[in-house]
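K.L.:
The residues making up each chain are set out below.
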Amino acid sequence: MAKNILVFIEQRNGQIKKSSFEAVKIAADFANKLSSQAEAICIGNDVEGLDTIGGYGINKVTHYKNTDLANYSNSAYADLLAKHAEETGSDVLIFSNSAMGKDLAPLTAVKINAGIAVDCTNFEFEGENVKALRPVYAGKALINVNVNGDKKIFTIRPNVFKPGEPTGDKAEVNVVEVSDPKLNCKVVELKKSADKLDVAEADIIVSGGRGLKEPDNFKLVEELAAQLGAAVGASRAVVDAGWRPHNEQVGQTGKTVSPTLYVALGISGAIQHLAGMRSSKYIVAINKDKDAPIFQVADYGIAGDVFEVVPALIEELKK
Amino acid sequence: MKIVVCVSHVPDTATKIVVGSDNKTIDANGVTYVLNPYDEIAVEEALKTKEAQGGDVVVVSVGPDNNKESIRKALAMGADSGVLLKDDNYRDSVGVAKALAEEIKAQDAQIVFFGKQSVDYDNSIVGQLTAEMLGYNCVSVAVDLKLDGEKITAEREIEGGREVIETSLPAVITCQKGLNEPRYAALKGIMAAKRKTIEEKDAAVSENSVEILEMKKPAPKEPGKIVGTDSSAVPELVRLLKEEAKVI
Ligand SMILES: Cc1cc2nc3c(=O)[nH]c(=O)nc-3n(C[C@H](O)[C@H](O)[C@H](O)COP(=O)(O)OP(=O)(O)OC[C@H]3O[C@@H](n4cnc5c(N)ncnc54)[C@H](O)[C@@H]3O)c2cc1C
Ligand SMILES: Nc1ncnc2c1ncn2[C@@H]1O[C@H](COP(=O)(O)O)[C@@H](O)[C@H]1O
Chain Z
1 MAKNILVFIE QRNGQIKKSS FEAVKIAADF ANKLSSQAEA ICIGNDVEGL DTIGGYGINK
61 VTHYKNTDLA NYSNSAYADL LAKHAEETGS DVLIFSNSAM GKDLAPLTAV KINAGIAVDC
121 TNFEFEGENV KALRPVYAGK ALINVNVNGD KKIFTIRPNV FKPGEPTGDK AEVNVVEVSD
181 PKLNCKVVEL KKSADKLDVA EADIIVSGGR GLKEPDNFKL VEELAAQLGA AVGASRAVVD
241 AGWRPHNEQV GQTGKTVSPT LYVALGISGA IQHLAGMRSS KYIVAINKDK DAPIFQVADY
301 GIAGDVFEVV PALIEELKK
Chain R
1 MKIVVCVSHV PDTATKIVVG SDNKTIDANG VTYVLNPYDE IAVEEALKTK EAQGGDVVVV
61 SVGPDNNKES IRKALAMGAD SGVLLKDDNY RDSVGVAKAL AEEIKAQDAQ IVFFGKQSVD
121 YDNSIVGQLT AEMLGYNCVS VAVDLKLDGE KITAEREIEG GREVIETSLP AVITCQKGLN
181 EPRYAALKGI MAAKRKTIEE KDAAVSENSV EILEMKKPAP KEPGKIVGTD SSAVPELVRL
241 LKEEAKVI
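So the protein lines, in turn, are chains Z and R.
This note's numbering puts the first sequence at residues 1 to 319.
This note's numbering puts the second sequence at residues 1 to 248.
For reference, chain R alone in the conformation it holds in the complex:
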């Protein structure tokens, strides 16, 4: 079975965000980029699927040359080969999905794994968009997945619980924390990854419909009050919550 996993290359979550001089994107100076945390879960699920069913895991990413670092990380975890769909410009989610859909079609993948969210723009939609463009079934925010031939039983996280979903291949699954524990890339994997191929081609790009006009930092919070250092401050805290904040 052909398995595709789509990965994005994003600023490390510990990054302090500084707005760039264009006032539209972040200042990338000194920022460490990593494989998107949710995509590690997607890679793990792809590898588990391969281990259970056999097949080939292809890692695909849309973006500039640097995205190869995250593709390489996925290869080190155990994926078989990579494809970089080169695109040096800001691309909105629909644009990214179009490029991915075209590649997935060419790969003729039966199952495609995404992270539930890319921790840069936090859109949480590229997987669903791609699924619909391909006409594949889609389960987003999956926390449990069982494949039985063509049949899929999955659980997705919703407010206050889970939905149990039945569907079938071909399908897109977007992965949420809790679905699995991503493996570490061991030294052997890192060495092996160096010999695996990353094919490069230009992304099939389209015009962006979502245009960023401006990026800014949220207004800083006023420093608060430390009411005290032990339980003697509790009555005052409760009074403030009742009378000043009026929240309880």
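Chain Z on its own, in the form it takes in the complex:
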């Protein structure tokens, strides 16, 4: 049974999201391993550089275009996706497990009657069969799953699959003008959180906890983050205390992150916090209690006072 693979390319403000290139690379891998075809779909108005996905191994993309599609609309997007999947006979769909992907993939699954495995971090191929690995219980365990049935949807965890350097290949872009998109549910405005980098997307995160003592001292965390080009994260203790906004919380009931570098300042490393960040590639902890559980997952630690160590660290990095 030949498979047709379709990957969803996410755009915001006409720019392709970084995690979509990861999804494209995975779709190309699927096509390779399953000896089948892969193509891409993008929904939006003006979208820049769609042909560049050719560099990641997919040479055909259909761009559904309408001014009302510039902003996300789950009703319209899911509608177009499902129709396109039917028309092209696609039986495997790949999304990034981004905010948009998480919303859109399940809606599409119902429309095309597919099984769905989300947040995958690895795939193994055995003939026609794809085994997906995914974290559960906030990463305290992993499961291997099969998706049975004719149609399957996989969403992939951002930041895990590195797409590598693109070749210079260009994809063929097919523009389809959409008339009358189904706008039952529509984004009317985007509110940016003051141009701050989001922990869910950052390559480096500097997080602070109750060890910072008071909200004002978070300027230490912010300064170090700025020095490293990092996003600012927080433990739940300081979010609950109202020192930091909810969207910075890392952990089981906050964001699950896997940056290249995670720096924990004055964070004890409670099980719920570790659950959200333990899959980071490198972890640095600064905590004055040498027995704090955070040191059990840290690659490098300084068992010292944040108010003494962090300013020195900022100075050292400026050198």
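Source of the hints: derived by calculation from the structure; they are not laboratory data.
You may find that some hints are simply not true.
[Unchecked claim] Only pairs whose alpha carbons sit at most 30 Å apart, straight line, appear in this in silico DSSO-like list of lysine-lysine:
| # | chain 1 | residue 1 | chain 2 | residue 2 |
| --- | --- | --- | --- | --- |
| 1 | Z | Lys-111 | R | Lys-105 |
| 2 | Z | Lys-162 | Z | Lys-151 |
| 3 | Z | Lys-111 | Z | Lys-3 |
| 4 | Z | Lys-192 | Z | Lys-219 |
| 5 | R | Lys-151 | Z | Lys-281 |
| 6 | R | Lys-201 | R | Lys-24 |
| 7 | R | Lys-242 | Z | Lys-18 |
| 8 | R | Lys-225 | Z | Lys-319 |
| 9 | Z | Lys-83 | Z | Lys-151 |
| 10 | R | Lys-246 | Z | Lys-111 |
| 11 | R | Lys-50 | R | Lys-146 |
| 12 | Z | Lys-3 | Z | Lys-170 |
| 13 | Z | Lys-219 | R | Lys-48 |
| 14 | R | Lys-225 | Z | Lys-288 |
| 15 | Z | Lys-290 | R | Lys-16 |
| 16 | R | Lys-16 | Z | Lys-213 |
| 17 | Z | Lys-319 | Z | Lys-281 |
| 18 | R | Lys-217 | Z | Lys-162 |
| 19 | Z | Lys-111 | Z | Lys-182 |
| 20 | R | Lys-201 | Z | Lys-162 |
| 21 | Z | Lys-288 | R | Lys-16 |
| 22 | Z | Lys-182 | R | Lys-242 |
[Said to hold, decoys possible] Derived list of chain R stretches under chain Z, where covered just means 3 residues or more per stretch with a C-beta under 8 Å from a C-beta of chain Z:
| # | segment |
| --- | --- |
| 23 | 2 to 16 |
| 24 | 82 to 95 |
| 25 | 112 to 124 |
| 26 | 131 to 138 |
| 27 | 147 to 159 |
| 28 | 214 to 220 |
| 29 | 231 to 242 |
[Stated by the list, open to error] Partial chain R-side listing against chain Z, Cβ under 8 Å, derived:
| # | residue |
| --- | --- |
| 30 | Val-141 |
| 31 | Glu-163 |
| 32 | Val-210 |
Idealized CB from N, CA, C, for every residue including glycine.
Since the structure of chain Z is already known, use the hints to place chain R with the ligands on it.
P.N.:
Then chain R with the ligands, alone, in the frame of chain Z:
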């Protein structure tokens, strides 16, 4: 207005996960199960909606008998009645959504609240699946919600900001932290909950499409290095990050 809130019954987040003897699910021995933390937010939003608009809040859960504990907790917070859709086996998200959709249709609910995520399998999709099965509008990961007659204005959290969404009833809303502060179940509520009814029926089950082959623990992390105890260790830390880890 009929308001439904869907709740799951999950291991407390402090649970140390041990893989069970079937190698597919967790060992439930000694594990405390609680109302899913995000579903507390969903219950709160349902109650606030009732307080503003009038109506009835029905709590629905799919799963074994024990799920009644979480239904009871929601009743103690103030929900009016509960429905347990009995199912003793592992059910994938599509299966859970099918059972819920059938019940919600029977209840003829105009607005349905979910948590954004169940902290067991961390799927974050049951609300969206159910919405699409019902043909309802859907806002997931909501951090703000305003109802004005049939009209809904909501904000959902995305990377680096929020989307402001306009849609209308009937709708499914999945609730994220920040949307509200869930109330505590006071003693009076707990007593009152004992007199509220939980209807039980068999869940309309279907075959699972997502089959768990194996559950395992992630590889343990190698213990790291404590480089020092004060700022004199900073140059060495920076050197390690640059030369050994090569991350800065
Ligand atoms: C249902 C539920 C869900 C939860 N979800 C999350 C979640 O998603 N994310 C999360 O983070 N937590 C979560 N928690 C809370 C978690 O259990 C902890 O309470 C929380 O992570 C503690 O935050 P903290 O490390 O900042 O504070 P604390 O545990 O108080 O730790 C502060 C640390 O700072 C150190 N310290 C103090 N002063 C200094 C100094 N001058 N220099 C250096 N170090 C210093 C101390 O040694 C200590 O280790 C959850 C809890 C529950 C019940
Ligand atoms: N077994 C269940 N019964 C009722 N509601 C559920 C069940 N499982 C999940 N939900 C709801 O769906 C939301 C998202 O769950 P999930 O997609 O499993 O992460 C939860 O927060 C609940 O509101």
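K.L.:
State for each hint whether it applies.
P.N.:
Consistency of the hints with the structure:
The straight-line distance between the Cα atoms of Lys-111/Z and Lys-105/R is roughly 18 Å, inside the 30 Å bound, and the hint therefore holds. Simply put, Lys-162/Z and Lys-151/Z have alpha-carbon atoms about 26 Å apart, close enough for the 30 Å limit, and the pair holds. Restraint check for Lys-111/Z and Lys-3/Z: satisfied, since their Cα atoms lie roughly 19 Å apart, inside the 30 Å limit. Restraint check for Lys-192/Z and Lys-219/Z: the C-alpha separation of about 21 Å stays at or below 30 Å, so the hint holds.
Proximity of Lys-151/R to Lys-281/Z is assessed by CA-CA distance (about 45 Å); at most 30 Å being required, the pair is judged violated. Straight-line distance between C-alpha atoms of Lys-201/R and Lys-24/R comes to about 27 Å, which keeps the hinted pair within the 30 Å bound. For the suggested pair Lys-242/R and Lys-18/Z, the alpha carbons sit about 25 Å apart, so the restraint of at most 30 Å is met. Simply put, Lys-225/R and Lys-319/Z have alpha-carbon atoms about 24 Å apart, close enough for the 30 Å limit, and the pair holds.
Note on Lys-83/Z and Lys-151/Z: the hinted pairing holds, with a Cα-Cα distance of about 14 Å set against a maximum of 30 Å. Pair hint Lys-246/R plus Lys-111/Z does not hold up; C-alpha atoms about 45 Å apart against a cutoff of 30 Å. For the proposed pair Lys-50/R and Lys-146/R, the alpha carbon gap of about 13 Å is at most 30 Å, so the pair holds. A C-alpha spacing of about 23 Å is found between Lys-3/Z and Lys-170/Z, which places the hinted pair at or below 30 Å, so the restraint holds.
This hinted pair does not check out: Lys-219/Z and Lys-48/R have alpha carbons roughly 36 Å apart, beyond 30 Å. Using a Cα cut-off of 30 Å, the hinted pair Lys-225/R and Lys-288/Z holds, with the two alpha carbons roughly 15 Å apart. Distance hint between Lys-290/Z and Lys-16/R is fulfilled; the C-alpha atoms sit about 22 Å from each other, no more than 30 Å. Taking the CA atoms of Lys-16/R and Lys-213/Z, the gap is about 29 Å. The hint holds against a cut of 30 Å.
Using a Cα cut-off of 30 Å, the hinted pair Lys-319/Z and Lys-281/Z holds, with the two alpha carbons roughly 25 Å apart. For a cut-off of 30 Å, the pair hint linking Lys-217/R to Lys-162/Z stands: about 24 Å separates their Cα positions. Of the supplied pair hints, the one linking Lys-111/Z and Lys-182/Z holds, its CA atoms being roughly 14 Å apart against a limit of 30 Å. Simply put, Lys-201/R and Lys-162/Z have alpha-carbon atoms about 47 Å apart, too far for the 30 Å limit, and the pair is violated.
The suggested pairing of Lys-288/Z with Lys-16/R holds, with an alpha-carbon distance near 25 Å, which does not exceed 30 Å. With a C-alpha separation of about 51 Å, the suggested pair Lys-182/Z and Lys-242/R falls outside the 30 Å cut-off, and the hint is violated. By the rule of at least three residues with a Cβ nearer than 8 Å to a Cβ of chain Z, the coverage given for the segment 2 to 16 of chain R holds, with 5 such residues. With a cut-off of 8 Å between beta carbons, the segment 82 to 95 of chain R has 3 residues touching chain Z; three or more are needed, and the interface restraint holds.
Closer than 8 Å: that is the beta-carbon criterion, and the segment 112 to 124 of chain R has 6 residues meeting it against chain Z, so the requirement of 3 holds. Check on the segment 131 to 138 of chain R: 5 of its residues sit with their Cβ under 8 Å from a Cβ of chain Z, so the three-residue criterion for coverage holds. Against chain Z, the segment 147 to 159 of chain R contributes 5 residues with a C-beta closer than 8 Å to a partner C-beta. That satisfies the three-residue criterion, and the hint holds. Counting residues of the segment 214 to 220 of chain R whose beta carbon lies closer than 8 Å to any beta carbon of chain Z gives 5, which meets the minimum of three for the stated coverage.
For the segment 231 to 242 of chain R, the stated coverage by chain Z is satisfied: 8 residues place a CB nearer than 8 Å to a CB of that chain, which reaches the threshold of 3. Checking Val-141/R against chain Z: minimum C-beta separation of about 7 Å stays under 8 Å; hint holds. This hint holds: Glu-163/R has a C-beta 4 Å from the nearest C-beta of chain Z, less than the 8 Å allowed. For Val-210/R, the suggested interface contact is upheld, since its CB lies about 5 Å from the closest CB of chain Z, less than 8 Å.
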